[in-house]
Structure formats: structure tokens, C-alpha cells
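Participant: Sequence:
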Amino acid sequence: MKKKQIWTLEQDQDSQVIFLRSHLGRYLATDKDGKVSCEEEVPNTSCRFLLVKQSDGHWALQSEPYLRYFGGSAEYLSCFAQTIGESELWAMHLALHPQANLLSVSRKRYARLSTADDELCMDSNIPWGVDSLITLVYLDEKYSLKTCDNRFLSNDGRLVMENRPTTSFTLELKSGKLAFKDREGKFLSPTGPTGTLKSGRCSRPGKDELFDLEESHPQVVFQ
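Quick note on numbering: the numbering used here labels position 29 of the sequence shown as 30, and the sequence is numbered without any gaps.
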């Protein structure tokens with residue numbers, strides 16, 4: 002993605018309100034007539050939006066003060082729609098290197114490939130080595146988690162060679178953290194003593210279903 006296409010999503014800690022900040026440090030805003038601008042250096046009431054999640058994983062952005070939806074075309078954007086249509090639906094594409102480390106918020110442990118158990122475990126104190134490297138594969142507006150041996154995590158916890166519907170997840174955001182929702186509406190979470198990563202029973206993300214993605218830095222060993 003180009004720099005102009007990257008937006009930083011900031012979340013109000015005391016509510017469900019979000020702010021969208023451009024690469025120039027200015028905030029997306031709208032007025033009562035649906036005119037969209039990006040000139041505010043400090044977020045105000047006109048910059049407040051609500052994330053309206055859709056069942057297919059898309060998002061709609063609703064102006065909190067005016068209750069209109071943000072959308073449009075490549076040539077013209079506005080925030081005047083009273084209902085959600087095709088042009089008001091958005092998909093989140095993370096602007097980071099596809100190879101990252103995955104941290105469980107509840108367990109405070111990193112994901113790693115366990116070749117002995119043939120699963121992805123959330124039991125590493127430090128994301129050290131290639132086994133802790135997770136590749137995020139973005140396809141058809143969904144994400145898959147790929148291990149260092151080129152296998153994909155399925156929602157039942159198995160590692161498979163092919164990317165398939167059971168390995169595709171939509172992203173949800175809660176309190177600045179990420180949750181991965183499978184096609185059945187359930188969320189990935191660590192289970193058992195080793196934190197085996199698979200979909201649980203929850204249809205709403207709690208602390209167990211929340212993750213952080215951290216940049217994977219180069220690692221060296223001195224001998």
C-alpha cells in the first residue's frame with residue numbers, strides 16, 4: 002500500500018467511538034450535510050465514528066453525531082447515507098509486514114509452531130526463532146495464519162497444507178486488540194495447558210480471544 006492509503010485507527014478508551022488519522026496526522030471528519038474533510042489536527046465531535054460490524058466481516062463507519070454512513074466511490078466520498086449499502090462497506094487490510102509475532106492478551110504468551118504436537122501453541126515467553134514467525138495471508142478480504150513450515154491454521158486447531166474456508170478468518174477490533182472470527186462465527190483462542198490455538202465456543206470476543214500483532218525483528222546468535 003502507498004503511504005496515502007494508510008490510516009491509523011484510534012479507539013476512544015471510554016466508548017466504542019473510533020477516530021481515523023491520515024498519514025499527515027489529520028483526522029477524518031464530516032459535517033451535517035455529509036461533506037467529508039481531513040483537516041483536523043485534534044479530533045473533535047465531527048471526527049467521531051462508530052464501527053458497525055457486518056456478518057460477513059465487513060465494517061460500516063457511522064458518524065456518531067449525525068448517524069449517517071461513510072462511503073462512496075473512488076471519485077467521490079461522503080457521509081450522508083441513511084442505510085448501509087454496498088458502497089458503505091469496508092474491509093480492513095493491516096498495514097504491516099505480513100510476517101509477525103502473535104501475542105495472546107490473556108496468557109501473555111506468544112504463538113509458536115510445536116512440531117512435536119503438530120499444532121500452534123501460545124506458550125512462548127519470548128518470540129524467538131523461526132517457529133514463532135506467523136505469516137498473515139490476506140485473500141478475499143479475509144486473513145489466514147501461516148506457520149513457518151507453510152501450513153495454515155484451521156479453526157479446529159489442525160495445520161493443513163491448503164488455504165480453505167476453515168483457515169480463513171475475519172478480523173474484529175476490541176479495545177485496540179484483534180480477534181479472529183471463523184466462518185461459523187466463533188473466535189480463535191488458546192486452550193489447554195499449552196494454549197493450543199483453535200476456535201472456541203464464544204461468539205463474542207472476550208479477553209481470551211484477543212491478540213496483539215508485533216513486528217518480527219531480525220534475530221542473530223553470537224558465538
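By construction, these hints were calculated from the structure, which means they are not laboratory data. Take the hints with a grain of salt, since some may be wrong.
[What the hints assert, rightly or not] In the SDA-like style, the derived pairs of lysine to any residue whose C-alpha atoms are separated by at most 20 Å in a straight line are:
{"id": "1", "residue 1": "K175", "residue 2": "G86"}
{"id": "2", "residue 1": "K175", "residue 2": "C203"}
{"id": "3", "residue 1": "K187", "residue 2": "M93"}
{"id": "4", "residue 1": "K178", "residue 2": "L97"}
{"id": "5", "residue 1": "K109", "residue 2": "K199"}
Participant: It remains to establish, for every hint, whether it holds in the given structure.
Facilitator: Hints, one by one, checked against the model:
Straight-line distance between C-alpha atoms of K175 and G86 comes to about 24 Å, which puts the hinted pair past the 20 Å bound. At roughly 15 Å between alpha-carbon atoms, K175 and C203 fall within 20 Å of each other, so this suggested pair holds. With a CA separation close to 19 Å, the supplied pair K187 and M93 stays within the 20 Å bound. Distance restraint check for K178 and L97: the Cα-Cα separation of roughly 15 Å lies within the 20 Å cut-off, and the hinted pair is therefore satisfied.
Distance restraint check for K109 and K199: the Cα-Cα separation of roughly 17 Å lies within the 20 Å cut-off, and the hinted pair is therefore satisfied.
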